[in-house]
Amino acid sequence: MTATRVRSVIPLHPAAERAEPALDTGTDRDRSDQHWAPGATSSMATSCDARLPSGMPALTRRSFLKGTAILSGSLATGTLLATLAPSRSWAAEMTVFDDREARVLLRLTQVIFPHENMPEAINALAVKGLDTAAAGDDAQTDSAVAIAFREGIAALDEAASGDWLAADADAQLAAVQSITDTELFLTVRGSCITSLYDNDLAYAHFGYEGEAFNKGGYVFRGFDDLAWLPDPPADASPPVQ
Amino acid sequence: MKTFEHSDDSVVVIIGSGAGGGTLANELAQKGVDVVTLEAGKRESSESFLNDEWKSFSQLAWLDPRSTSGSWRVARDFPGLPAWICKTVGGSTTHWAGASLRFQDHEFRAKTEYGDVIGANLLDWPLTLDDLEPYYARAEYKMGVTRTNGIPGLPGNNNYKIMDAGARKLGYTKVHTGNMAINSRPRHGRASCMQLGFCFQGCKSGAKWSTLYTEIPAAEQTDHFELRTGCQAARIEHDDTGRATAVVYFDENGDEQRQSARAVAVAGNSLESPRLLLMSESSMFPDGLSNRSGQVGRNYMRHMTGSVYAAFDEPVHMYRGTTMAGIIQDESVHDPERGFVGGYEMETLALGLPFMAAFLDPGAWGEDFTWMMDRYANLAGMWLVGEDMPRVDNRISLNTDLKDAHGLPVVNVHFDDHDNDIAMREHAFTQGEAVYRAAGATRTFRTPPYPSTHNLGTNRMSADAEDGVCDANGQSHDIPNLYIADGSQFTTGGAENPTLTIVALAIRQADHIARQMIRKAV
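Chain order of the listed sequences is G and H. Going by the working numbering, 148 is the number at position 148 of the first sequence; the sequence numbering is gapless. Going by the working numbering, 47 is the number at position 47 of the second sequence; the sequence numbering is gapless.
Just so you know, not all the hints are guaranteed correct.
[Unchecked claim] The calculated lysine-lysine pairs, modelled on DSBU-like cross-linking and capped at a C-alpha distance of 30 angstroms, are:
| hint | chain 1 | residue 1 | chain 2 | residue 2 |
| --- | --- | --- | --- | --- |
| 1 | H | Lys55 | G | Lys215 |
| 2 | H | Lys42 | H | Lys55 |
| 3 | G | Lys215 | H | Lys42 |
| 4 | H | Lys42 | H | Lys403 |
| 5 | H | Lys2 | H | Lys520 |
| 6 | H | Lys31 | H | Lys520 |
[Unchecked claim] Computed from the model, here is a short list of chain H residues facing chain G with C-beta under 8 angstroms:
| hint | residue |
| --- | --- |
| 7 | Gly153 |
| 8 | Gly156 |
| 9 | Tyr172 |
| 10 | Ser184 |
| 11 | Leu196 |
| 12 | Trp365 |
| 13 | Glu367 |
| 14 | Asp368 |
| 15 | Ala377 |
| 16 | Arg437 |
| 17 | Ala439 |
Honestly, the hints are just simulated from the structure, not real lab data. This one's a predicted model, so the numbers in the text were calculated from it and none came from an experiment. Glycine included, every Cβ here is placed at the ideal spot set by N, Cα and C.
Please construct the entire structure, taking both the sequences and the accompanying hints into account.
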């Protein structure tokens with residue numbers, strides 16, 4: 001993870017009909033949970049899932065916003081994701097959060113959802129969504145979301161005796177456990193439930209194949225290819241007609 | 001398409017176009033009865049359906065505000081979404097998985113068979129399995145249910161193979177790929193199943209029966225049917241003699257309209273139907289229409305539910321193929337030795353990655369959650385669905401503090417699990433986990449109930465008018481030309497998925513209404 005600008009970003013799903021050209025628009029999927037109230041999600045979490053302004057020239061917008069950092073990295077070679085993507089480099093541009101704030105948020109998504117070997121690019125997508133939610137309507141003043149996030153980050157640092165990012169993993173987790181009633185925690189958890197698992201990178205990483213109709217479904221593509229158990233009796237499970 | 005004047009008081013007005021309303025409309029139209037159907041949602045199609053869980057949810061689900069109360073976990077996990085039902089032409093037949101099971105004989109006599117269950121408001125149905133069997137047969141033929149009418153069963157997918165292997169090791173014998181209203185081969189102009197894995201998202205191949213592309217277009221072929229979409233019913237009006245005369249509704253432009261009616265049938269699901277009756281209060285009916293018994297909105301049932309997901313060392317890809325790919329029926333019997341009355345079904349169920357994250361353990365975070373998600377491709381899943389107890393205080397009521405886009409009060413859904421529901425869920429979880437361990441699972445996980453898909457009982461049928469809202473024909477005890485045509489008329493819930501019974505009752509009701517019309521009784 002670095003904070004330097006990279007020249008190219010990953011087209012997330014170049015072969016897909018769905019227009020999802022690049023990482024920094026990767027959260028541009030219709031979110032439905034603004035109508036929906038998952039468990040501990042605060043009302044604020046719902047705004048995290050708002051649609052990004054389409055066609056917004058991000059660099060122009062960035063020039064007059066004050067946060068501005070770029071989360072970037074590269075996909076590990078030899079992984080399925082790296083073979084799908086034309087470029088291994090990825091970047092997510094922030095409009096509200098500065099470099100440290102963005103890195104705290106990224107690490108926070110990893111502590112709340114400690115996946116084995118999940119590419120950071122997926123977490124960066126989630127952070128990009130949080131940044132968008134925090135942008136608010138007025139570029140000149142901090143939104144309520146941004147203020148709440150900064151308060152939450154301060155609480156994390158305090159719980160970790162100064163610098164939460166520098167603390168070891170156990171101390172980071174303990175600090176998070178001490179802030180589970182904050183807007184920061186509730187929003188990040190609620191937002192990640194959709195943003196970490198509803199994008200093409202995540203589909204590829206977790207082994208979910210997504211849209212099936214345009215590929216003819218699975219009737220000839222392995223719906224019954226499980227071979228490590230005995231087949232059911234034919235009267236219980238007849239062959240394809 | 002035929003259209004009717006708003007002032008035409010010869011039409012039957014049906015509110016809702018799902019399993020009950022859509023079927024009733026077509027059955028009446030085929031008999032030459034003029035029908036106007038008011039559907040709150042828009043019209044989608046197999047072409048417009050989306051193989052994308054969240055986008056489809058936005059497209060099909062009823063997303064108007066609702067509120068919750070009570071001790072059920074849904075109130076904690078999904079306080080604004082007590083039910084996962086649809087606001088679209090075809091209603092929840094767009095979303096349902098297709099399981100089409102007949103009720104068992106004893107389930108029509110729950111009070112007699114189960115005895116006095118403390119804290120339950122049990123009642124026998126005013127009809128029997130014998131009464132309903134001819135209509136079940138007609139429903140199965142209409143819907144093309146597998147393993148009936150010579151229609152072969154569907155092929156089992158990977159998720160089914162695991163359930164089957166585990167079930168047989170445990171000694172279960174009633175194990176198969178289900179009685180499904182999904183074409184295993186082309187039938188009645190609809191294609192066979194492509195094993196898409198998006199049954200809940202509206203079937204893009206049209207293999208799964210939905211009133212959207214069966215009953216509704218068939219009714220439109222007659223000269224006796226008009227469908228009005230985007231129309232939210234607001235109240236049913238009546239005259240001085242207490243007969244229904246018209247339905248006031250907001251059309252797709254938000255303008256108030258009034259459709260005169262010879263008879264009215266409500267089929268808006270067990271949340272919206274009692275809401276409409278309660279909103280239709282008047283000086284003659286101060287507690288709401290058809291509510292002299294005080295039972296409108298009460299006895300709300302949502303089936304005992306829960307899910308078990310299990311992780312295996314080898315890949316499963318449970319999302320490939322039909323969502324409800326098979327069933328174990330051995331536990332659907334009534335056997336009080338297990339510590340509860342009534343029974344439950346075990347049915348495979350699969351969620352895509354986005355919904356798995358949302359529903360596996362709502363509110364969860366940390367390692368237990370991510371461990372299961374990291375094994376998504378190696379998970380198998382089943383849904384547990386059984387009979388729950390009707391309770392007087394489990395009820396739909398109007399929340400006057402919360403309004404919809406038209407300023408109408410929305411529903412509050414109050415539910416407390418009965419001890420019988422809790423005991424049954426515990427038993428079902430234990431057996432579900434045993435099935436997967438027998439098949440070699442390395443870890444099993446108990447997933448709490450999803451927002452309710454089987455909403456039942458809030459305008460229940462009863463032999464005596466003081467015990468319920470309607471009679472065995474779904475005809476209101478209080479208002480002779482008012483009918484209940486959806487799952488809200490269920491006296492008790494049975495263990496089975498309710499759609500087949502809703503359709504059978506709608507066919508039966510259409511015969512009844514036609515006879516009443518011939519006799520000029522309606």
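- Task: List, from low to high, the hint numbers that the structure doesn't satisfy.
- Result: 9, 14 and 16
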